[in-house]
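Take the given structure of chain A and dock chain B to it, following the hints.
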Amino acid sequence: MVDLKIENLTKKYGETTALDKFTIDIKSGELLVLLGPSGCGKTTAIRCIAGLITPTNGQIYLGNRKVNELSPKDRDVAMVFQNYALYPHMSVHDNIAFPLKMRKEPKSHIREKVIQMAELLGIKDLLDRKPKELSGGQMQRVALGRALVREPKLFLMDEPLSNLDAKLRTHMRTEIKKLQKKIGITTLYITHDQVEAMSMADRIAIMKNGNIQQIGTPIEVYHQPMNTFVGQFIGNPQMNLINGSIRDESLFLFSQPIAIQPVDKILLEKKLTAKFIVGIRPRDIIILKKTDILTGIRLDGIIVFIEMLGDDTTVEVKIGSDNLLVTTNNILNPFVGDKIEIGIEYSKMHFFDDEGKRIGFT
Amino acid sequence: MHSVAKYEPYLYLLPAISILCVFLLFPFIWNIYISTHGVSITTILKEWEFVWFDNFIQVLNDPNFHTSIKVSIIFVGGSVAFQFLIGLVISSLLNQNIKGKQILIALIMIPWITSGLIAAFSFKFIFDNSFGIINYILEYLGFSSVAWLSDPKIVVWSIIIANVWYGTPFTILFLTAGLLSINPSIYESAKVDGASKIKSFFYLTLPMIKSFIIIDIILITIWSINFFEIPLIMTGGNPLFASTPASLYMYRQAFEFGLLSKGSASGIILLSINIVVAFIYIIALKRRG
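From first to last, the protein sequence lines are chains A and B.
According to my numbering, the stretch in the first sequence is residues 8 to 369, in order.
According to my numbering, the stretch in the second sequence is residues 146 to 434, in order.
Excised from the complex, chain A in its bound form:
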């Protein structure tokens, strides 16, 4: 087991920069998830690391060894592809055995290792089948087996779950995480699904336009997003962003400013600039009863849309000319057109400057 160190990795395609000074450290045995929308450069990054494309600039170290110049087969990395890329004409056994065969390992040894891997993944009964006779989840396991059978130093996964149905995806992400911890292999996992990232990662790196926006544990990126992009990308439904401004010691929120009076000392202490953005997660907004006491802001609104999700309910509340999403448990029985009062606690508010960068407070 080794750690992966990437310094200033840059990839340009003509004028477009797909990856811009990508720098990251993955500790030995860690599962790091690269999370970002499509086109953010995460696949470019993983393909540079695998050696499938040559970066324009930057260094990749696997352990103490610089691997930039090495061909994929000499890097000792394994990769699982989005579409699994199983060899369609080979049986499951031959698929898993392929990397060992290419390394000219003795036949008896190959057989033994393949069976061992198949047992670990619960696909021992499928060894004689062809890929087209397998279900999505089974193909996924074969792809994992083929990648892990030769005990690589680094494990790369490129959106491995996106071809599975929702239920199987939830199941497989737990399995992959357990397997990764059991083998203890350093892993870089790519996804655009924030739930997948949150549930699997030891640490998450969130990417946008070829740049890393933030690296941190799932808890850190959820509770302390470094900018509005991270704030909105992590969490579902996404974080509400409210424009705010300060004039004459009064605080105004929303695009048609609603004065919040009197300005709380707590807020002014936060070094807010004249214009700023407040982020608030739908789950952190409280639907108030008249008698509730709150250290925060109280707002009146009208319910304009309701989405029942079973465990909880998402309500869209119109405040002035802006809409806020509010997630509430379904004990309440809201109706469209209801007038409600909502409350936002100061402690739950995230503050960003007008460029979207987090304003740090202590």
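None of these hints come from the bench; they were simulated from the model.
Please read all numbers here as calculations on a predicted model, not as lab measurements.
Hints may be right or wrong, so weigh each one.
[Claimed, not checked] Derived DSS-like pairs: lysine-lysine, alpha-carbon spacing no greater than 27 Å straight-line:
1. A:K215 - A:K355
2. A:K111 - B:K269
3. A:K111 - B:K344
4. A:K184 - B:K336
5. B:K355 - A:K19
6. A:K108 - A:K19
7. A:K131 - A:K114
8. A:K139 - B:K355
9. A:K108 - B:K336
10. A:K215 - A:K282
11. A:K215 - A:K131
12. B:K246 - A:K114
13. A:K108 - A:K120
14. B:K336 - A:K131
15. B:K298 - B:K215
16. A:K296 - A:K325
Here is chain B on its own, set in the frame of chain A:
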């Protein structure tokens, strides 16, 4: 109402089937009729005598037919082997990220869209013993000229070269289609798994386009068996029968020597060979699903 609905699909097929009957079934039966009678260009207006299998026996005992079968085997074997191998190499080379790929494919397809007649005439001039460009080059380089079209040992290879030039584009196109059906991430996966380019060609590419290869080989075999424009125009099957494959033998018997029933009989023998190959084709297709 019920019965009309039941037969309705066949009704739609009727025009096509009628055309097939006129242009395929009738000539076929007519051919059998001629092959069992004694008809030549000189006796065509007299009464046709029923001769049982005499014509077939004549063909099978004709030393020229034996020669033509030998020529056929070399012609078909050589054409298929070279068309396939050259086609495989070129289609594999084309299946990479290279600039101007579309233009290259278009250029390579030129022989295929040329008429067989034009190809044959072109090669007749290229290989011409006295003013052909090949002999001109050979002499320019100080070699002695070769009797491409009149040396009985060489002539069959001249027509093979022409047929390979003419037929290879089909293999290139067909195998390119096969190669395009392979998911590119399979090669990336193989790269990471440690396979070199040559290994992934033999372990992955070839087995994955196996069905394309089988169909391609069977098709070009059938076409080569029946193809006779190139030898007909380049050499007329000469000298003697040295460049006469079985397909041209049939044509020469009927239209050069006027032995219509002998030509028909050899046509039916050729048809049975075709049926055998076609059966192999169908079985291969079924096995591949």
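Worksheet entry | B:K298 paired with B:K215 [C-alpha distance capped at 27 Å] | holds, 12 Å
Fill in: 27 Å Cα cutoff - pair A:K111, B:K269
violated, 53 Å
Worksheet item: Quick one, are A:K184 and B:K336 close enough, alpha carbons at most 27 Å?
Response: holds, 26 Å
Item to complete: Take a quick look at whether A:K215 and A:K131 sit within 27 Å of each other, Cα to Cα.
Response: At roughly 41 Å apart (the allowed maximum being 27 Å), A:K131 and A:K215 break the hint.
Fill in: 27 Å limit on alpha-carbon distance, applied to hinted pair B:K246 and A:K114
violated, 42 Å
Item to complete: Mind checking the alpha carbons of A:K215 and A:K355 for me, to see if they're no more than 27 Å apart?
Response: With a Cα-Cα distance of about 25 Å, the restraint between A:K215 and A:K355 holds, given a limit of 27 Å.
Practice prompt. For the pair we were handed, A:K131 and A:K114, check the Cα-Cα distance against 27 Å.
Written response: OK: A:K131 and A:K114 at ~18 Å, within 27 Å.
Practice prompt. Given the hint that A:K296 pairs with A:K325, test it: the Cα-Cα distance must not exceed 27 Å.
Written response: holds, 18 Å
Discussion item. Check whether the Cα positions of A:K139 and B:K355 lie no farther apart than 27 Å.
Written reply: holds, 17 Å
Fill in: Distance restraint between A:K108 and A:K19, which requires alpha-carbon spacing of 27 Å or less
With Cα atoms ~35 Å apart, A:K108 and A:K19 exceed 27 Å; violated.
Worksheet item: Are B:K355 and A:K19 close enough, with their CA atoms no more than 27 Å apart?
Response: With Cα atoms ~38 Å apart, B:K355 and A:K19 exceed 27 Å; violated.
Discussion item. Checking one constraint from the list: CA of A:K215 to CA of A:K282, max 27 Å. Satisfied?
Written reply: holds, 24 Å
The structure is inconsistent with the numbered hints 2, 5, 6, 11, 12, although it conforms to all the rest.
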